[in-house]
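J.: Sequences and hints are given; from them, build the entire structure.
There are 6 protein chains.
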Amino acid sequence: MAENPNTLLVVSAHAGDFVWRAGGAIAAATMRGERAVVVCLSFGERGESASQWLAGKPLDEIKAIRREEAEAAASALGAEIEFLDLGDYPLVESEQAVAKLVDVCRRVQPTVVLTHPLADPYNGDHPAAARMALQARVLAQAIGVANSDGSFPTKDDIIGAPPVFFFEPHQPEQSDFKPNVLLDITDAFPLKRKAMECLPAQKHMWEYYTQLAIRRGVQVKRNAGPNLGLPHDTMGEAYVRYFPQVTGVLQ
Amino acid sequence: MAENPNTLLVVSAHAGDFVWRAGGAIAAATMRGERAVVVCLSFGERGESASQWLAGKPLDEIKAIRREEAEAAASALGAEIEFLDLGDYPLVESEQAVAKLVDVCRRVQPTVVLTHPLADPYNGDHPAAARMALQARVLAQAIGVANSDGSFPTKDDIIGAPPVFFFEPHQPEQSDFKPNVLLDITDAFPLKRKAMECLPAQKHMWEYYTQLAIRRGVQVKRNAGPNLGLPHDTMGEAYVRYFPQVTGVLQ
Amino acid sequence: MAENPNTLLVVSAHAGDFVWRAGGAIAAATMRGERAVVVCLSFGERGESASQWLAGKPLDEIKAIRREEAEAAASALGAEIEFLDLGDYPLVESEQAVAKLVDVCRRVQPTVVLTHPLADPYNGDHPAAARMALQARVLAQAIGVANSDGSFPTKDDIIGAPPVFFFEPHQPEQSDFKPNVLLDITDAFPLKRKAMECLPAQKHMWEYYTQLAIRRGVQVKRNAGPNLGLPHDTMGEAYVRYFPQVTGVLQ
Amino acid sequence: MAENPNTLLVVSAHAGDFVWRAGGAIAAATMRGERAVVVCLSFGERGESASQWLAGKPLDEIKAIRREEAEAAASALGAEIEFLDLGDYPLVESEQAVAKLVDVCRRVQPTVVLTHPLADPYNGDHPAAARMALQARVLAQAIGVANSDGSFPTKDDIIGAPPVFFFEPHQPEQSDFKPNVLLDITDAFPLKRKAMECLPAQKHMWEYYTQLAIRRGVQVKRNAGPNLGLPHDTMGEAYVRYFPQVTGVLQ
Amino acid sequence: MAENPNTLLVVSAHAGDFVWRAGGAIAAATMRGERAVVVCLSFGERGESASQWLAGKPLDEIKAIRREEAEAAASALGAEIEFLDLGDYPLVESEQAVAKLVDVCRRVQPTVVLTHPLADPYNGDHPAAARMALQARVLAQAIGVANSDGSFPTKDDIIGAPPVFFFEPHQPEQSDFKPNVLLDITDAFPLKRKAMECLPAQKHMWEYYTQLAIRRGVQVKRNAGPNLGLPHDTMGEAYVRYFPQVTGVLQ
Amino acid sequence: MAENPNTLLVVSAHAGDFVWRAGGAIAAATMRGERAVVVCLSFGERGESASQWLAGKPLDEIKAIRREEAEAAASALGAEIEFLDLGDYPLVESEQAVAKLVDVCRRVQPTVVLTHPLADPYNGDHPAAARMALQARVLAQAIGVANSDGSFPTKDDIIGAPPVFFFEPHQPEQSDFKPNVLLDITDAFPLKRKAMECLPAQKHMWEYYTQLAIRRGVQVKRNAGPNLGLPHDTMGEAYVRYFPQVTGVLQ
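Chains as they are written, first to last, in our numbering: chain A, 235 to 485; chain B, 235 to 485; chain C, 235 to 485; chain D, 235 to 485; chain E, 235 to 485; chain F, 235 to 485.
If you are wondering where the hints come from, they were derived from the structure by calculation, not from laboratory data.
Take these hints with a grain of salt, some might be off.
The list treats identical chains as interchangeable, and a pair is accepted whether it falls inside one copy or across any two copies.
Said to hold, decoys possible - The calculated lysine to aspartate or glutamate pairs, modelled on EDC-like cross-linking and capped at a C-alpha distance of 20 Å, are:
#1 428 / 314
#2 437 / 467
#3 291 / 410
#4 334 / 314
#5 291 / 390
#6 291 / 391
What you are looking at is a predicted structure, and each value in this text was computed from that prediction instead of being measured.
T.: In structure tokens, the structure reads:
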């Protein structure tokens with residue numbers, strides 16, 4: 235920590251999202267010695283657990299299974315994980331849920347935030363999570379905003395203005411997702427694959443998201459140009475940077 | 235060069251554009267020991283020299299004045315400059331003009347390209363310059379595209395896929411210019427100011443673009459957040475990155 | 235039903251919307267022997283009943299009048315109709331209202347859904363209805379989402395992924411309504427006209443929407459091309475398809 | 235009033251917004267003898283009072299200070315001011331808050347409405363204020379919509395359809411703010427400056443917004459063309475007209 | 235002229251466009267005593283004269299017929315008309331054609347310019363005309379731009395920066411035409427109708443564009459609000475203002 | 235022909251584009267007994283033949299190789315093919331090139347047209363091909379537009395208004411490609427694969443575009459919903475319909 239003060243905060247609507255969509259970025263961060271914290275707003279217990287409902291399992295058991303899988307996946311990525319258990323399908327936005335996210339932001343002090351993009355015609359929970367994450371990131375910057383229990387002054391320091399990146403939705407074009415950052419995850423991909431394999435109920439997704447990493451890797455190479463000498467098997471993840479990049483060098 | 239292989243190529247429709255819009259980026263590059271090459275497609279002899287026409291000067295003299303001023307400004311920024319003398323108002327797009335830019339690209343081997351944005355309702359030469367720059371950058375990557383004189387094989391190596399940044403137009407909102415990169419030019423600003431002062435006919439612009447640098451500097455600080463400890467007098471320039479950023483780290 | 239399993243579900247913010255905006259599509263469906271079900275989220279009792287308020291009628295009477303008119307119009311179109319009575323001006327979005335729509339979706343098993351577009355600067359109830367309809371359509375697909383009374387398992391089967399079409403708002407350009415489907419309603423128009431005439435308080439709209447059908451009919455012919463030999467008096471309705479069309483043939 | 239029946243209504247999320255963003259338009263209106271009414275939805279007590287929280291002041295005192303400053307600024311502009319005290323950071327949208335704004339609209343009978351634009355990634359209170367203002371403006375037109383206390387008939391007349399203008403956010407491009415109206419505030423600027431100086435805690439903003447007025451003034455001149463003979467020191471404010479302009483003359 | 239120095243310049247791709255799309259604005263201007271000049275870039279001899287080609291008429295005769303009709307229509311509107319005879323289907327953009335339009339701009343000294351919008355998937359000549367009109371308007375402002383015959387100095391004064399309005403295309407939504415100005419043409423409509431009747435080959439359009447004027451008139455009333463007391467039979471035309479409006483009053 | 239009058243016209247900038255991007259649609263059409271005609275505007279001899287230039291082959295030989303490969307691929311798909319040999323990198327738009335495409339349109343009488351989308355930051359030839367194809371499709375509808383050799387009357391009948399579909403570019407999101415039609419090519423895929431294998435120089439693309447077909451197939455299934463019972467291994471291609479769909483049934 236002393237050597238690398240960077241901290242990645244990942245706000246995920248359901249328990250599996252962070253693996254498919256941002257597993258490479260998370261693993262790359264922890265491999266660099268950075269801290270990564272995943273916050274799952276729900277377990278995806280209603281909307282993304284069809285096979286378990288079909289098997290007649292009760293709600294609590296489904297939530298427990300999803301939690302266990304997500305913990306294993308986070309562990310494989312070297313990340314911490316916590317759950318707000320706000321319910322899904324629908325994930326309902328509320329002042330109180332945002333306030334809890336404000337607490338998390340101040341406790342974790344992220345230097346980078348990852349979350350869902352703001353549009354997804356196939357799943358309203360994803361934009362709801364994004365709206366709450368964005369609002370919490372702003373509120374957590376204000377010294378006048380109290381803790382979620384109403385107490386004051388704030389338990390933790392206010393935060394700065396960490397950049398926000400939206401990770402890739404399942405149907406990118408339909409979600410108006412036009413990547414402006416392509417992340418090279420070649421070295422991190424084995425950990426991402428390992429994390430995906432912690433989610434056995436969605437085994438058909440392992441290959442799907444491996445192929446997506448290959449396709450985004452082709453774009454990494456194409457946009458970097460031949461001069462950079464990236465290897466043939468470059469793997470990638472796509473992101474949308476929400477706020478302007480601040481930099482001292484155009485490159 | 236051996237120490238810093240980066241080379242900035244700036245494609246400017248008229249002789250003054252690169253100063254107001256990208257002077258900070260150019261100076262910052264040369265201060266880092268990088269090479270910067272400005273290509274002026276025209277001198278701005280018809281569209282941006284009203285006072286000289288009013289003074290009754292002939293075309294050739296106007297072009298000579300504009301060339302001299304631009305050379306002085308480039309020199310102040312530490313940059314090389316060349317002129318394609320394609321005429322302005324209108325700057326006419328042609329296959330031959332693009333071919334000359336392909337030659338330049340291959341000779342210069344840019345690692346970064348700066349040019350105008352693709353829309354400007356107030357000045358059609360700016361988007362025309364941008365379209366030609368973008369097309370030349372693509373053609374210069376193809377080994378099958380000949381030199382501008384039709385000879386073959388190519389005199390210089392083909393280029394890679396350097397990133398392209400659009401610099402700020404005079405009326406950004408009207409030109410659909412939504413910056414996604416804010417460049418900190420605090421250290422480079424004195425050179426930019428010096429270069430602006432090489433353009434005496436537009437003295438009222440010196441202050442205008444100093445104020446713009448202050449305003450963009452406020453945004454640099456706001457988007458970086460308080461944590462980065464940027465100084466009170468941070469100066470900035472705004473850019474639009476055209477292709478996705480390729481990176482190994484989200485930050 | 236056995237011969238034609240298709241079912242059209244129309245989600246309408248107020249009691250009259252489905253007539254002006256989708257009457258042709260509804261009549262065309264029922265004329266093909268399909269089932270059509272209209273759900274009115276409110277009666278339009280506050281926002282679209284000015285003449286009755288001016289006449290000093292009480293709320294309940296206004297609602298009763300509007301219900302009766304809507305039932306007559308639905309009957310003219312060959313459609314069933316039901317009312318959720320959620321109130322209008324404003325139509326307030328709520329988890330409970332969406333849950334009731336989920337019940338409807340599962341009970342009706344629509345193969346096509348029609349609703350308002352997502353923007354309307356003149357009437358916030360319309361986008362609110364659309365957001366609820368879209369959310370209900372997604373939730374109704376999930377086996378883990380309970381009935382609106384909280385009971386479980388679901389009374390009716392979950393639904394598939396029926397296509398959604400937005401019907402035309404009163405000021406299309408201002409509502410960012412760019413039709414990508416033009417429906418030929420020539421044969422269905424007499425029923426639509428008959429349904430419009432069930433709404434006597436808005437008599438001036440009869441001619442307005444007849445003329446709109448003529449104008450959209452001109453576009454049907456123009457976009458179909460002369461080869462299809464459409465008749466001179468082709469009548470049309472305009473729609474926006476929200477999800478991509480799935481097809482085996484490009485045509 | 236009899237001579238000039240125009241009334242400007244300004245809906246401001248926080249206590250200072252109307253000064254920086256619309257002070258020129260307000261002063262210009264009152265200088266023409268028109269009425270101007272500012273409604274502050276909150277005092278900006280949590281999100282825009284960092285120095286006072288740092289000084290350890292309690293909430294009530296902060297609100298009182300902000301109120302006093304806003305009243306002084308409004309007075310400098312010749313405007314009336316009222317406060318709904320809905321809380322900020324977050325400013326929570328609610329049916330009741332909108333109903334209160336409906337009351338205000340009917341009482342004030344605005345001929346023009348100013349408010350925030352619908353997007354602002356840096357401050358969610360601004361779009362929330364805009365959405366409530368727009369909704370209230372629509373509801374206030376309907377005779378069937380009751381007073382905010384539920385009583386009926388309405389205490390004041392319903393309103394017409396006043397045009398709405400969005401004033402400029404702090405980071406215009408990031409807020410998708412593309413001005414389509416440039417207001418000449420040259421004569422009104424001294425009053426705007428005086429109003430700004432009523433907000434001592436944000437002294438660094440006085441110069442910032444003076445410079446913005448100069449920059450927008452340059453655009454006023456550039457878009458008006460040289461023929462209009464506007465003075466060198468023209469000052470401006472930028473606006474987005476939300477509904478189409480209705481006019482008898484194109485000019 | 236002395237009483238009313240305003241001059242309307244209408245740049246029309248084909249001989250009939252100005253009648254259907256801007257006849258109301260033209261007549262309203264001439265009824266106010268202003269000058270209106272129509273420039274037809276072509277006669278529409280190939281693309282909009284199908285019935286005459288079917289009748290086997292030769293090109294020159296078709297052009298003569300179209301010219302005569304357009305002259306009659308312009309006369310009915312009280313406007314002057316001239317023809318550049320650049321050919322249609324396709325209307326080819328060229329430096330020389332733009333130079334001729336520069337001459338026209340300087341000779342006519344327009345205070346307002348009307349032309350086609352920049353997109354029309356159904357007719358490429360329309361955007362081509364718009365691009366040339368916009369470019370000519372910019373070039374005509376520059377003292378260094380020569381006459382179209384290359385001579386210098388310019389025969390007429392350079393122009394200012396007249397506002398530009400795009401008139402309505404045949405399929406507005408498909409052409410991304412979102413009106414931001416609604417023009418009340420109630421008083422001018424009889425002249426517009428008279429002008430339409432000068433185009434006998436397109437008799438079916440008379441009623442079509444009368445109905446469009448009614449529909450746009452409904453929007454004039456709706457956007458003006460009931461307070462303005464516009465008559466029941468208000469007629470309208472829709473426009474898109476291309477540059478920001480410059481004004482001293484928000485209204 | 236008598237049995238199935240449909241004819242697909244595919245306008246391809248380079249010799250290989252139609253295979254990767256539309257091979258499934260072409261094969262599906264010919265498998266239904268329809269005619270498919272591919273027009274290659276160039277051979278892709280400069281921009282897409284790097285390995286052959288590296289091998290030192292002369293231009294004519296490269297063109298011959300590309301032609302042969304494209305003929306084999308077309309044959310595998312059951313399609314006819316012709317070449318306009320307009321040159322590539324850049325593919326230059328010209329009136330004469332468009333006129334030749336008008337001839338093709340009238341000779342082939344397409345009922346459906348496929349071409350590139352209008353934006354592609356990585357390859358300017360693609361949008362140039364699309365612009366020419368769209369313009370030719372419009373001009374070919376006009377009886378007054380002559381043959382490409384200037385002769386008159388037209389050798390073939392004018393065409394109707396066939397729908398246009400844009401096929402998928404290599405980097406869809408960067409090219410603003412938001413599919414609104416998903417084509418099920420499961421049955422046609424073996425032919426597409428066979429056609430891909432006719433292009434040995436781009437062997438690495440075979441697997442890439444096979445994986446893309448799988449990914450688009452997943453979206454076919456997701457958007458169709460489970461009710462349609464599509465097989466697990468559904469393959470797809472994505473398209474953008476440019477003009478509104480004309481239909482008698484919403485489905």
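J.: Hints first: check each against the structure and report whether it holds.
T.: Results for each hint:
In this homomeric assembly, residue 428 and residue 314 come within 20 Å of each other (Cα to Cα) only inside a single copy, at 16 Å, whereas the closest approach across copies is 48 Å. Proximity of residue 437 and residue 467 under a CA criterion of 20 Å is satisfied inter-copy only: 15 Å between copies versus 23 Å inside one chain copy. In this assembly of identical chains, the alpha carbons of residue 291 and residue 410 never lie at most 20 Å apart, being 36 Å within a copy and 43 Å across copies at closest. Taking the shortest Cα distances, residue 334 and residue 314 sit within 20 Å of each other inside one copy (17 Å), while across copies they are farther apart (38 Å).
For a Cα distance limit of 20 Å, the shortest separation of residue 291 from residue 390 across copies, 19 Å, qualifies, whereas the shortest one inside one copy, 40 Å, does not. Only between protomers do residue 291 and residue 391 lie at most 20 Å apart by alpha-carbon distance; the minimum there is 18 Å, versus 42 Å within a single protomer.
In summary, the structure is inconsistent with hint 3 from the numbered list given earlier, while agreeing with all the others.
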